[in-house]
Amino acid sequence: MTTVETPAPREMTVIYSRADRVFRGIVTAGALTSLILLGLIASFLVYRSSGIFREFGLKFITGTEWFSDSFREVGDEARPDSSVFSIGPMIVGSVVVATIAMLIAVPLSIGGALYIEFYAPRSIYRVLVAMLDLAAAIPSLIFGLWGIEIFTAFGVRWATFLNDRLGFLPIFSVEFENFGRSPFVAGCVLASLVVPITTSVAREVYSRTPRDLIDTCYALGGSKWGAIRSVVMPYGRSGVIAGAMLGLGRALGETVAIYLMLNLVFKYSYQILDSTGGNVASMIALKFGEATDREISALIAAGLVLFIITLIVNMVASNIVQRTTPRS
Amino acid sequence: MSTVVQSPDQSKVEPQRPWAVKRVVRATNGLRLAVFAVIAAGITLVTPLANADGWALAFLLVNLAWTLATAARLGAKERRDAIVRVVVSSLAFLAFVPWLSIFVSTALKGYKGLYPGYLFNDMRITSYDDELTFGGVGHAVVGSLIMVAIATILTLPLGILSGIYLTEIRGRLTFLVRFIVQSMAGVPSVVAGLFIFATVVQSMGRYSGLAGGVALAVLMLPTVSRTAEEVLKLVPDDLRSAGYALGARQWRTALMVVLPTVRAGLTTAAILGVARVIGETAPLLLTSLNTNGFVWNPIGGTLGSLPTYIFAMFMYGSEYSVARAWSGSIVLLALVLFFFLLARRLGGRNERRTRVGVGKAASTSAGTK
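Those sequence lines, one after another, are chains A and B. Position one of the first sequence corresponds to residue 269 (the working numbering), numbered consecutively onward. Position one of the second sequence corresponds to residue 66 (the working numbering), numbered consecutively onward.
If we strip away everything but chain A, and leave its shape as in the complex, we get:
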């Protein structure tokens, strides 16, 4: 056997003409706009909220009071400003509602994605995929409207049931038996808002499972569930996690649906069936209407906190997506 020596590949030189360089410059500049925009948003929010953070420090995040001294701006400017701004309960509220939503949405999304990809009759496959895309585009306002006008009736019944049977657990206990505007019901609506997003990511990842691996599984005598458990789920796990993180980012930043569903109460509350709650985003929308200048700075500070939280969640998600996207 003679060994054939592979010749080393020729070195390629690329010389860009001036027109090319201009073209590449313009395109690069255009591509960097997103980067610049993101940087601008971040630095502007920091710039506008620095005063608030300097004044309240960590109290802004841990405190439980939001009081805007609006009379001072109207008349007696001599009196010292007694405004207090802090968003602790709202941050907790965001996390509580988003957690409820994700606990409901993730199993439903995995089930929905597996069903569409592996169980649904081929004849309705395309319809289901199209419907999924469309559902992901339903405005959150309409989810909120549906939530309060249609879903609340069901949600209250479920909440009453939970309270009756599991009321001895602290999180299912209530102070007043009025479940309509509770984080639980809002979380259910948020879950139905998140499900299409997470499902479509999960479905796409599942659909990229190499066909050979699944067929190998069948050829070895595996059942459908065997193929899903040993091939599809491991292959798609990181994609599903990324989809769930995207959904979580959406749930944390949701504004109008929560605005319509919850009463804002500035109080730490872990009782998910009680009619208290709120989240940062809906608080911003609620307080914005009649905000004084200083209050607007405080709202911008709240926006910055929200921005940082969702940015971290989304960066983790997109990192997972990028690391696991199969290179074509």
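You may find that some hints are simply not true.
[Stated by the list, open to error] Footprint (simulated), chain A over chain B, 3 or more residues, beta carbon under 8 angstroms: (1) 150 to 164; (2) 183 to 193; (3) 197 to 206; (4) 233 to 240; (5) 338 to 348; (6) 371 to 382.
[To be verified] Capping the alpha-carbon separation at 25 angstroms, the derived lysine-lysine pairs in DSS-like fashion look like this: (7) A:LYS555 with A:LYS535; (8) B:LYS142 with A:LYS492; (9) B:LYS87 with A:LYS492; (10) A:LYS327 with A:LYS535.
[Unchecked claim] Sample of chain B residues at the chain A side, in silico, Cβ under 8 angstroms: (11) THR264; (12) VAL265; (13) LEU286; (14) ARG314.
No lab work stands behind these hints, which were simulated from the structure alone. For each residue, glycine too, the CB sits at the ideal point set by N, CA and C.
With chain A's structure known, arrange chain B on it following the hints.
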């Protein structure tokens, strides 16, 4: 006798699929589900389970019970498979029900407010709780379209540029750009609204449709960039090589070969972006507010839009104004659906053309050899 052997037309050979589900089996399955539905209805009548949610629960439980009962005679592997099948289907059922409910309830609650003039009238001389045969949503549709147009004009070029960067130039920043675009998709809409309020609105000194459009653009840019990248990725490298082989420089190849190939796809990118942002409410509450009459000037002051119309009608809270909110929702959903179908149509055409075109070119060149 000369035998003419006709080469079988490759595209027409149907693979045999002995494992495919027979029509009879499918019919029995459907019939069984129908029987279960009736049984579940019966259960809701005699037990505390009531209403649609009780019925759904009863239906899923009956289905599960049947599966468990029939699976008992199967082997361990098949039994598990059957149980998983019914669990997955139930989860999927629960996942799909809310959207169906939204479509149905929007249609049922909103149709009362629809009358021929609804799309062409505004609320200038109609109060929010007037009879439903007065007023309309025309001004809101116009405002929404103006703002969405502004957003599209701003984002489409930028989205295409970033798509070209990611697929044609593939420079050192590829990873970073893709990462940033993905992260930006998660910027909460209310934060985008706050940012535009603090920059555009406060520097202009007034709320305006322009500010609303820019806020929508911030939210639309990631969608358009990502879709544009996906579309440009589909362009076969042969086309680029052909461009280079003909002596075209990179800019010429990109602008005159690659981009025209995916014109329809880029239109799809823009339309999908529009469908995503046309229902955004939070940023508009902070930047463009609401109006009751037709406004055509995007920089003159507040500009109404469909989402803020629906929001205002719902918050007003009287019987007729809430009905108006639902009718507005029908119009909004119809717009989203329209843009979606448009995108699908254009995207589908583009896909087909590329595939068929390339395939044909390959086969004819092979034939002439």
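Structure-based check of all given hints:
{"no.": "1", "hint": "150 to 164", "in the structure": "holds (count 12)"}
{"no.": "2", "hint": "183 to 193", "in the structure": "violated (count 0)"}
{"no.": "3", "hint": "197 to 206", "in the structure": "violated (count 0)"}
{"no.": "4", "hint": "233 to 240", "in the structure": "holds (count 5)"}
{"no.": "5", "hint": "338 to 348", "in the structure": "holds (count 7)"}
{"no.": "6", "hint": "371 to 382", "in the structure": "holds (count 4)"}
{"no.": "7", "hint": "A:LYS555 with A:LYS535", "in the structure": "holds, 16 angstroms"}
{"no.": "8", "hint": "B:LYS142 with A:LYS492", "in the structure": "holds, 10 angstroms"}
{"no.": "9", "hint": "B:LYS87 with A:LYS492", "in the structure": "holds, 18 angstroms"}
{"no.": "10", "hint": "A:LYS327 with A:LYS535", "in the structure": "holds, 15 angstroms"}
{"no.": "11", "hint": "THR264", "in the structure": "holds, 6 angstroms"}
{"no.": "12", "hint": "VAL265", "in the structure": "violated, 11 angstroms"}
{"no.": "13", "hint": "LEU286", "in the structure": "holds, 6 angstroms"}
{"no.": "14", "hint": "ARG314", "in the structure": "holds, 5 angstroms"}
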